[in-house]
Amino acid sequence: MKYKKYDLVVSGIRIISHERKIEEQQIIPENSVKYLPEDIEKILTHDKYPIFSIVCTKLFNLSIIKENGLAFLPIQYGEDSIFMISYLSKIKTVKTISFVGYINNVVLGTLSHGKNKNVWKQAKLIPENARKILNLSNESNAWQLLMLRSMKLSFMNSTNTYRDFKKNFSIIED
Numbered sequence: 001m002k003y004k005k006y007d008l009v010v011s012g013i014r015i016i017s018h019e020r021k022i023e024e025q026q027i028i029p030e031n032s033v034k035y036l037p038e039d040i041e042k043i044l045t046h047d048k049y050p051i052f053s054i055v056c057t058k059l060f061n062l063s064i065i066k067e068n069g070l071a072f073l074p075i076q077y078g079e080d081s082i083f084m085i086s087y088l089s090k091i092k093t094v095k096t097i098s099f100v101g102y103i104n105n106v107v108l109g110t111l112s113h114g115k116n117k118n119v120w121k122q123a124k125l126i127p128e129n130a131r132k133i134l135n136l137s138n139e140s141n142a143w144q145l146l147m148l149r150s151m152k153l154s155f156m157n158s159t160n161t162y163r164d165f166k167k168n169f170s171i172i173e174d
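Residue numbers (the UniProt record's numbering): 1 to 174.
None of these hints come from the bench; they were simulated from the model.
Keep in mind the model is a prediction, meaning the values are calculated, not measured.
Fair warning: there could be bad hints in the mix.
Computed Cβ-Cβ distance ranges for the label pairs, DEER-style [as the list claims (entries may be wrong)]: (1) N105 x F72: 20 to 26 Å; (2) T45 x N105: 22 to 28 Å; (3) I75 x T161: 23 to 29 Å; (4) K166 x F60: 40 to 46 Å; (5) I75 x F99: 37 to 43 Å; (6) P74 x N104: 18 to 24 Å; (7) Y102 x T161: 24 to 30 Å; (8) R14 x G69: 30 to 36 Å; (9) E128 x N105: 29 to 35 Å.
Ideal Cβ placement from N, Cα and C applies to all residues, glycine included.
Construct the complete structure from the given sequences, taking the supplied hints into account.
Quick look at the structure:
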């Protein structure tokens with residue numbers, strides 16, 4: 001990679017699930033996003049957003065974080081995604097690299113993978129903040145993707161029975 005100062009550098013991630021099935025999420029350099037915010041819809045897509053929703057595979061420009069007062073919200077779910085959306089709204093250049101240097105070992109029962117009541121209260125903050133920060137409309141593909149992912153997180157976290165599903169659905173519906 002030829003050196004150039006980028007506002008964000010993104011590498012790949014390898015996820016090892018609790019069943020030891022290995023899945024690799026990786027962005028290929030040819031698909032590198034060059035400029036933002038013009039290309040924000042290219043990042044907030046089904047195939048790219050998973051790697052852009054987390055902070056662990058990134059090199060950030062500390063000056064941008066300090067100058068814009070960017071910080072994590074004090075919540076358990078979605079804090080990294082909201083931080084990333086805020087950061088993406090402040091930058092102009094992104095470089096993706098094919099290197100996979102981060103291994104995420106997913107273990108059930110840990111704080112980030114445990115079951116909690118009403119995750120929806122926190123999960124819905126992702127699309128709500130994205131709408132404000134990026135000026136997204138309800139009709140935009142990016143906002144709809146974020147809303148569906150948040151709903152999925154909420155259902156997966158607190159739905160064991162049909163009764164739980166109905167209860168969770170009524171909470172989301174409000």
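Against the structure, the hints:
{"no.": "1", "hint": "N105 x F72: 20 to 26 Å", "in the structure": "22 Å, holds"}
{"no.": "2", "hint": "T45 x N105: 22 to 28 Å", "in the structure": "26 Å, holds"}
{"no.": "3", "hint": "I75 x T161: 23 to 29 Å", "in the structure": "26 Å, holds"}
{"no.": "4", "hint": "K166 x F60: 40 to 46 Å", "in the structure": "42 Å, holds"}
{"no.": "5", "hint": "I75 x F99: 37 to 43 Å", "in the structure": "30 Å, violated"}
{"no.": "6", "hint": "P74 x N104: 18 to 24 Å", "in the structure": "23 Å, holds"}
{"no.": "7", "hint": "Y102 x T161: 24 to 30 Å", "in the structure": "36 Å, violated"}
{"no.": "8", "hint": "R14 x G69: 30 to 36 Å", "in the structure": "33 Å, holds"}
{"no.": "9", "hint": "E128 x N105: 29 to 35 Å", "in the structure": "31 Å, holds"}
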